[in-house]
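Student: Chains as they are written, first to last, in the working numbering: chain A, 1 to 157; chain B, 158 to 669.
Heads up, a few of these hints could be off.
[Unchecked claim] DMTMM-like, lysine to aspartate or glutamate: derived pairs with alpha carbons at most 25 Å apart: (1) A:106 / B:390; (2) B:441 / A:58; (3) B:594 / A:14; (4) B:434 / A:93; (5) B:453 / A:21; (6) B:434 / A:154; (7) B:434 / B:390; (8) A:106 / B:607; (9) B:594 / A:21; (10) B:434 / A:138; (11) B:434 / A:14; (12) B:434 / A:100; (13) B:434 / A:50; (14) A:106 / B:610; (15) B:453 / A:100; (16) B:434 / A:58; (17) B:434 / A:149; (18) A:106 / B:585.
[As the list claims (entries may be wrong)] With beta-carbon atoms standing in for the labels, derived distance ranges: (19) A:153 / B:573: 25 to 31 Å; (20) B:508 / A:153: 48 to 54 Å; (21) B:593 / A:120: 15 to 21 Å; (22) B:247 / A:120: 38 to 44 Å; (23) A:106 / B:573: 49 to 55 Å; (24) A:102 / B:186: 54 to 60 Å; (25) A:102 / B:593: 52 to 58 Å; (26) A:153 / B:372: 51 to 57 Å.
Keep in mind that the hints were calculated from the coordinates and are not lab data. Glycine included, every Cβ here is placed at the ideal spot set by N, Cα and C.
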Amino acid sequence: MPAYEPWSGDRATEIIRQHADRPGATLPILHALQEAFGHVPEAAVPLIADALNLSRAEVHGVVTFYHDFRREPAGRHVLKLCRAEACQAMGSDALAARAEARLGVKLGETTPDGRVTIEPIYCLGLCACAPSAMLDGEVIGRLNAARLDGLLSEAQR
Amino acid sequence: MTRVFVPRDSGTLAVGGERVARAIAREAEARRLPVEIIRTGSRGLYWLEPMIEVETSEGRIAYGPVAETDVAGLFDADFLAGGPHAKRLGLPERIPYLARQTRLTFARCGIVDPRSLDDYRAHGGYRGLARAIAVGQAQVIETVTKSGLRGRGGAGFPTGIKWKTVADAAGPQKYVVCNADEGDSGTFADRMVMEGDPFMLIEGMTIAGFAVGATKGFIYIRSEYPHAVAAMEAAVAAARRGGMLGGRIAFDLEVRVGAGAYVCGEETSLLESLEGKRGIVRAKPPLPAHHGLFGKPTVINNVLSFAAVPFILAEGAQAYADFGMGRSRGTMPIQLAGNIRHGGLFEIAFGITLGELIDDIGGGTASGRPVRAVQVGGPLGAYFPPALFDTPFDYEAFAKRDGLIGHGGVVVFDDTVDMARQARFAMEFCAIESCGKCTPCRIGSTRGVETIDRIIAGERHADNLAVIEDLCNTMKFGSLCALGGFTPYPVMSALTHFPEDFGAAPRLQAAE
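Start from the sequences, fold in the hints, and give me the full structure.
Tutor: In structure tokens form, the structure reads like this:
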């Protein structure tokens, strides 16, 4: 489970400065901030805008365009279930429904105790070992109901 | 010291490869046996992963699929000397799946250590670049053009012509961009190259930079591929240390990571994203070749296109063009995925039929049930029924049957598939991933989901079928890029070939 730093404007400014000189720095900065804080809080937007000489609207537009960037912290564990065709062909829809039922939340939501976030993902490139998933960055192939239950128990601990 | 090869490919890791590698190290230490574990890419025979290999006097002997619990037994069976065991597969090159392939691009994948520049060189690496420098820029472009190589990302545009346009464009600053945003479901060849033979991609991009006069390149990798990102970054660092990037080679590379937007696989959207903006598609013209990254002339190609170039330069245009059929020259790394018994990478000359791929090579479905539909070319590709299995793998042959080969992904479905649901998913996916710039894609996809829902519900069936067809036409001809433009392929092919799944269900008129 990744441990994130608490939000700090000074620390964010320092991270932004490390990447600001790269051409097209917005995405590298957003990735770095999310890696540090677990999400990209609203307070980061004006700092990025200032460093890159962009408007807040432009930075906001980028943050919200990409599925990866979180505006709120995720649960302690994040389970991403592949919903794309190769995994569908191997029964991923039933697995997603099972995960939703077991946790009592929908894909894209976090359990009320803040332990697990489940999310859809569209292809991990593990299409010959479908269905696939990713738990806290670890890739998982040949998923089935029993293995999914194991992952969910692990994540709920 | 016995050398044991264990893939670090994500596909292997996803099925326990790391645990197997650790178990081998542990067991070797406990038995005081001198073993060196080398982490490679995958051979691409995924149903046999984790597939490990051991170097013996007769060559490498493969075992697979190896579970962590098999490892002690393998040592007992003296696998380090190639001893007999239930999981013994023999020489990998003799496994029919591999023996039937023509591996030009994937010749080294699964064999070499992807972090070792020396290993790459020892297996023929950098001969293409040496040849390129020897013959000069114009001759490099001529060679790539003559090879008949077409963009492997899906569009199939001749690579040599693209390069010539950039070479002829004026400007002190040009770029080479690699599209490694392999978002199509059913495809993983780019990932395998990056994780298994990354120096080949670096060499291909370096040759492109030399040919068009670009000194800087970017590899844009999707964030869903963390292992490919790590492998490419390690390889770029190794190439720099070894003097093959930056310094005496007037070309340097940077790895950039996407952020989960499928549309960024579209080249102009990818360029916007690299510039730090929303991944909104640009209208063409101007072409990226004239007005690309940061407004500069840019070569943008798929991983497999760049990866084919070192072979073409090293062996000559004809050696590549000798393979293939019609206007599709060379080999295509085809990816067999979904509900298939023998899923994996199958590189072969264009011309093999879909039926051969699925029945002979893939061994039919994993579930053992009959094949009902096959989607070729990712989420924007058409669904083909077994009646079209005589279609040869060739850009034009697929186009003639209202399909596309795209990036070479083949996803197999058995007879439990509901094709109306697949058609609905195609529209839904387009709605989720649309960049929003053009109306046919942004609005059309949402209306498409609604219309298919009405068809499924049996609501004004004939009228709604006419609406979906009309909508598909609007999207096909009115969208700015392939996302909106090609979403009609899976939808219309499902309707055309599987009309029974959209059958006029009796309209629910019960007391609601």
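Student: Any hints this thing doesn't respect? Which numbers, in order?
Tutor: 1, 3, 4, 6, 9, 10, 12, 15, 17, 23, 24 and 25
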